[in-house]
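Undergrad: Sequence:
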Amino acid sequence: MIQSFIITGFLGVGKTTMLTNTVKEHFSDKKVAIVVNEFGDIGVDGNILSNVYSEVLEISEGCICCQLAEEFESGVMEIMNKYNPEIIFVETSGASEPFPIFLSMQNLGVSVEGVICVVDSKNLDSYKDNSTAKYQIGGSNIIVLNKTDLVNDDELEAVKKDVIQIKEEYNIKNTLTGKTIFNSYVINNAEQGVVNKEVFEGVYKIDEIIGLAKDYK
Numbered sequence: 180m181i182q183s184f185i186i187t188g189f190l191g192v193g194k195t196t197m198l199t200n201t202v203k204e205h206f207s208d209k210k211v212a213i214v215v216n217e218f219g220d221i222g223v224d225g226n227i228l229s230n231v232y233s234e235v236l237e238i239s240e241g242c243i244c245c246q247l248a249e250e251f252e253s254g255v256m257e258i259m260n261k262y263n264p265e266i267i268f269v270e271t272s273g274a275s276e277p278f279p280i281f282l283s284m285q286n287l288g289v290s291v292e293g294v295i296c297v298v299d300s301k302n303l304d305s306y307k308d309n310s311t312a313k314y315q316i317g318g319s320n321i322i323v324l325n326k327t328d329l330v331n332d333d334e335l336e337a338v339k340k341d342v343i344q345i346k347e348e349y350n351i352k353n354t355l356t357g358k359t360i361f362n363s364y365v366i367n368n369a370e371q372g373v374v375n376k377e378v379f380e381g382v383y384k385i386d387e388i389i390g391l392a393k394d395y396k
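The numbering of the sequence shown is this note's numbering, which starts it at 180 and goes up by one.
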């Protein structure tokens, strides 16, 4: 079964840079597809990838990057059929929440190993009160603190406290049972745009949210 990770986070937090750097660093031996899902925001995060508007962008051996601005599921299906990737990373728009993308991947029969929210450690204060940003953090079971090399220890600790508080207040619940979907989550650091490989080891299974998706079919 194809594995996938959903990468979410507010505008400008460094999702694309972190993701492409990490794939090059840790997954050069895998057939990887990166889907940049920029509904309504084409050209914002896309500026980081200079030729992202082309159909396919080769970023490393065995890895493709494609930006989808039309029907998401049909686009991902085409990538699966054409390239047969082992792992798919879906980077969501900075202005959207990750849950609809999760449901789409489930509809395609793709295993979602984790929902990863990238947080800008340097600038969290400037957007932490935004409702979309809060739901991005709340809807993730893996939090990656990016740009940690730009803050000191005290500032990083303050960021962690803010993330924990937001997570507690906005953790997604199963509306049928009232239980929180992510009973546990982890916080990892990224330095200079690279996160440790163990973040992607697939140990953070999302069992209850899969059940929730099935309930709505």
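Source of the hints: derived by calculation from the structure; they are not laboratory data.
Be careful, since some hints might not be right.
Said to hold, decoys possible - Pairs of lysine-lysine, DSS-like flavour, derived with a Cα cap of 25 Å:
hint: 1; residue 1: 313; residue 2: 210
hint: 2; residue 1: 301; residue 2: 313
hint: 3; residue 1: 340; residue 2: 313
hint: 4; residue 1: 210; residue 2: 301
hint: 5; residue 1: 313; residue 2: 209
hint: 6; residue 1: 313; residue 2: 261
hint: 7; residue 1: 307; residue 2: 339
hint: 8; residue 1: 307; residue 2: 261
hint: 9; residue 1: 261; residue 2: 301
hint: 10; residue 1: 339; residue 2: 376
hint: 11; residue 1: 210; residue 2: 261
hint: 12; residue 1: 261; residue 2: 203
Undergrad: Each hint: holds or not?
TA: Evaluation of the provided hints:
{"no.": "1", "hint": "313 - 210", "in the structure": "33 Å, violated"}
{"no.": "2", "hint": "301 - 313", "in the structure": "17 Å, holds"}
{"no.": "3", "hint": "340 - 313", "in the structure": "14 Å, holds"}
{"no.": "4", "hint": "210 - 301", "in the structure": "33 Å, violated"}
{"no.": "5", "hint": "313 - 209", "in the structure": "33 Å, violated"}
{"no.": "6", "hint": "313 - 261", "in the structure": "36 Å, violated"}
{"no.": "7", "hint": "307 - 339", "in the structure": "12 Å, holds"}
{"no.": "8", "hint": "307 - 261", "in the structure": "39 Å, violated"}
{"no.": "9", "hint": "261 - 301", "in the structure": "39 Å, violated"}
{"no.": "10", "hint": "339 - 376", "in the structure": "21 Å, holds"}
{"no.": "11", "hint": "210 - 261", "in the structure": "12 Å, holds"}
{"no.": "12", "hint": "261 - 203", "in the structure": "21 Å, holds"}
Comparing the model with each numbered hint stated earlier shows that hints 1, 4, 5, 6, 8, 9 do not hold.
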